[in-house]
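Peer 1: Residue numbers (the numbering used here), protein chains in the order written: chain U, 1 to 325; chain B, 1001 to 1532.
Check each hint, because a few of them may be wrong.
As the list claims (entries may be wrong) - Simulated restraints on C-beta separations:
| hint | chain 1 | residue 1 | chain 2 | residue 2 | range |
| --- | --- | --- | --- | --- | --- |
| 1 | U | F152 | B | D1183 | 22 to 30 Å |
| 2 | B | R1009 | U | E142 | 45 to 53 Å |
| 3 | B | Q1146 | U | E145 | 22 to 30 Å |
| 4 | U | M148 | B | V1478 | 16 to 24 Å |
| 5 | B | A1486 | U | P21 | 36 to 44 Å |
| 6 | B | R1166 | U | E145 | 31 to 39 Å |
| 7 | B | D1183 | U | I66 | 49 to 57 Å |
| 8 | U | F38 | B | Q1146 | 37 to 45 Å |
| 9 | U | E142 | B | P1108 | 31 to 39 Å |
| 10 | B | D1529 | U | P21 | 41 to 49 Å |
Stated by the list, open to error - Simulated coverage check for chain U against chain B, where a stretch passes if three residues somewhere in it have a Cβ under 8 Å from a Cβ of chain B:
| hint | region |
| --- | --- |
| 11 | 128–137 |
| 12 | 159–173 |
| 13 | 196–209 |
| 14 | 243–256 |
No lab work stands behind these hints, which were simulated from the structure alone. If you're wondering where the values come from, they're calculated on a predicted model, not measured in any experiment. C-beta atoms are modelled at their ideal positions from N, C-alpha and C, and glycine is treated no differently.
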Amino acid sequence: MKLLKLIPDDTNIRFLRWRVPFYAVSLLLMAASLALVFTKGLNFGVDFVGGQLVRVTFVEEQVAPIAELREEIDALGYGEPIIQQVGEDNQVSIRMKLPAGAASDPAISAAMATRITETVQAAHPDARIDGVDSVSGKVSDELFETGMLALFLASIGISIYIWVRFEWQFGVGALFALVHDVTLTLGLFAVTGMEFDLNIVAALLTLIGYSLNDTIVIYDRIRENLKKFRKMPLPELLDLSVNETLSRTVVTSTSLLITLVALLVLGPDVIFGFTAAITLGIFVGTYSSIYMAAPILVWLGVKSDSFVPSESAIDRQEKVARGEA
Amino acid sequence: MLDFPFFKRFSLWLITLACAVAAIPSIVSISGYAWPAQLPSPGEVNLGLDLAGGSYILLEADRGEVERQRITAMEESVQAALRRADPRIEFGDMSTAGGRLSFLLDDPTRVDAAREAVLPLLGTGITRDWELEVVDTSRIVLTPTQTGLAAALDTAMESARQVIERRIDAIGTREPTIIREGDTRIVVQVPGLEDPEELKRLLGQTAELEFKLVDTTALASDIEQGIAPPGSEIVPYAPGSDFEGSQIAVKRLGGIRGNSLTSAKPGFDPQTNEPVVDIVFDQQGGARFARLTQDNVGKPFAMILDGQVLSAPNILQPILSGQAQISGGFTTEAATELAISLQSGALPVELKVVDESNISAELGADSIEKGTIAFVVGTLALMLFIIVTYGRFGIYACVALVLNFLMILGIMAVANTTLTLPGIAGFVLTIGAAVDANVLINERIREERKRGRKVIAAVEHGYQEASRAIFDANITNVIAAVLMFAFGSGPVRGFAVVLMIGIATSVFTAVTLTRMWAAGWLRRARPNDIVL
């Protein structure tokens, strides 16, 4: 039986030769993403800004009558609704700002939701109300803060662990790769205007998990090679480590993409944004492990004797086997 | 590394199968069939509202209101205690301004007697609920302590939770989840309920019923301007009542609360045929009600619900039976709801809906169906890819993957956790990590073979060397999961829980179990070469 090998043996791509241009491009992209996030802003869901969201499916129609809906709801006098298509063509989400005074009296926003759903159902008998969300401004601020805090603390905690297990340069490298991944993903959300809600925070966390996994695998190999090849120049050693783990990187990423593409194509609409974010994260994460997390070690000046005291019996055997000792 | 004695193999299989079997009832019920009640079940994974449909309501209490209530209650107790003292302690200028209760003794020499009288009210625990201070020799100031306030808030929220539970039970809703969150919040989740209006009305009603004497000395012009005579307060009439839109002055103290009822039922007034609520006081409440009506025959008294007057009839004769009828221009529905609320007891504090979300069950069912199909297709494609890439070792990895899935579900079922959308993300991440562990191991075995190691040594080395990276990667995920659980809210926590369980099971299945199978095969077949 012949097994599949996506990466031929003895592949030797000199990834690090292009580290400067890649870093330049990445830094530019990060800057652009940040600029976009601050100027254009993210399309926050009601989770984060407060407000009301009504999801409607028009069961007997192919395409939701968005223009009509906008007029009907506008006529109610609660302000202009934001109506977006979600998933199928006949599904929409209607978003409203919370009416004045809703912060002190929740009954006001409840009344608004009722009037909107009643109006929609009266005008379109086939409208099925799929859900109503109503989040007060106070709760939404809190959700945003706790979500971001969890994200921030998780990144810091992880970096500290890597610093302890490896060297400080590795901790910094992993943290930088994380910031890179999160920034680019946020940039994508800013560009496309996809809704950014609490579920996307979970997607970001997943993405960080994957990316970190990749980074650690490469770092682990760098650590091992640093012990083995004390004389090798660092860029060469990093290239060797990336190449040695390349087959694993490709197989793992392919496996994940297979599952994610199935979820994207066949999965429910509610998780589309979420799956899309993770899928993007696989590419960004793999890229950042190779081009962000590894080259930074050169610039941060990892010493080739960083891991010498822990030289183990296996490594010595290794050298004996190769006739180096 | 490759040594697996019998007892070790036996216990590994036992753990695996026990967890996997625990998942069966959950799988059956998620697929839409009911798990037969005769069969034992370790519990099931609940689907979150975002998957199954239903209503989510987040209620919040006002901390300040609890504090104010507590001071008012203290004011009444202190007055009673000072009057009971022998001889009676005279005082004046009682005020609750600034969140503190202060009053002036008429006779400064009785400071010690007053202190003695008030002392039992200050809390009996290790830490005082109130601090007592004497200012300028004759003014006594009581300040609530933080611990006292926290305890009061805790008690209020706990009893609020129980009241909510009783009210929801009364309208016959199935399997609600009612949990406290933080200091001042209560989360109510009701699967399957799509229109929560009735529920919200029920929960929004504090249902604090009070009977207070009407202050007949107040001038109509003062009442209109909202000025109450000393010792009285202005209360508006409730919407729907006979004098809707106007106000009335009632005596602040000396009334009774309707929280000591044995029953409350909707009914009709025999004369007017108007919907009313018939209430029966318990013994103590009945006695107090009897005294109030006896002492004030011919005077009007107001029935006040949640700070609004329902009606203010004259007391025609003393009511000694402990039964009363509450009227206030109710509809039949309103009378029924009020009866439920009164029967279940008053909420100790007003609760406001601050976050609400309703998901239709149809959408939920649709999500589950599509999600399941996508998951199965994705997993099968993934397995095919892994087997094509790693052959025999790929099969081990796939079996481990299925067992991993079952184990996560099984443990979640036993722990009675809820699976939400972010939880599925956690699933995807752990499955990814499990696949990655096997990829790492198999790639390493390949490498070791290429370097010329013999089969057994290569497998042994593969596991050993790969374990280090797997260990580090999983520890970082654990760190992330723990921090997310500790600091995140709702969805983030749901993600973290699945991640924590999944990390444990995926290391177990992807590393330990596959190693056991590989070792068994190597021992039996003693291959000279492996296809990898």
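Peer 1: Each hint needs a verdict: does it hold in this structure or not?
Peer 2: Quick rundown of the hints versus the structure:
no. : hint                         : verdict
1   : U:F152 x B:D1183: 22 to 30 Å : holds, 24 Å
2   : B:R1009 x U:E142: 45 to 53 Å : holds, 50 Å
3   : B:Q1146 x U:E145: 22 to 30 Å : holds, 24 Å
4   : U:M148 x B:V1478: 16 to 24 Å : holds, 21 Å
5   : B:A1486 x U:P21: 36 to 44 Å  : holds, 41 Å
6   : B:R1166 x U:E145: 31 to 39 Å : holds, 34 Å
7   : B:D1183 x U:I66: 49 to 57 Å  : violated, 43 Å
8   : U:F38 x B:Q1146: 37 to 45 Å  : holds, 40 Å
9   : U:E142 x B:P1108: 31 to 39 Å : violated, 50 Å
10  : B:D1529 x U:P21: 41 to 49 Å  : holds, 44 Å
11  : 128–137                      : holds (count 9)
12  : 159–173                      : holds (count 3)
13  : 196–209                      : holds (count 9)
14  : 243–256                      : holds (count 9)
The structure fails to meet hints 7 and 9 from the earlier list, while all remaining hints are met.
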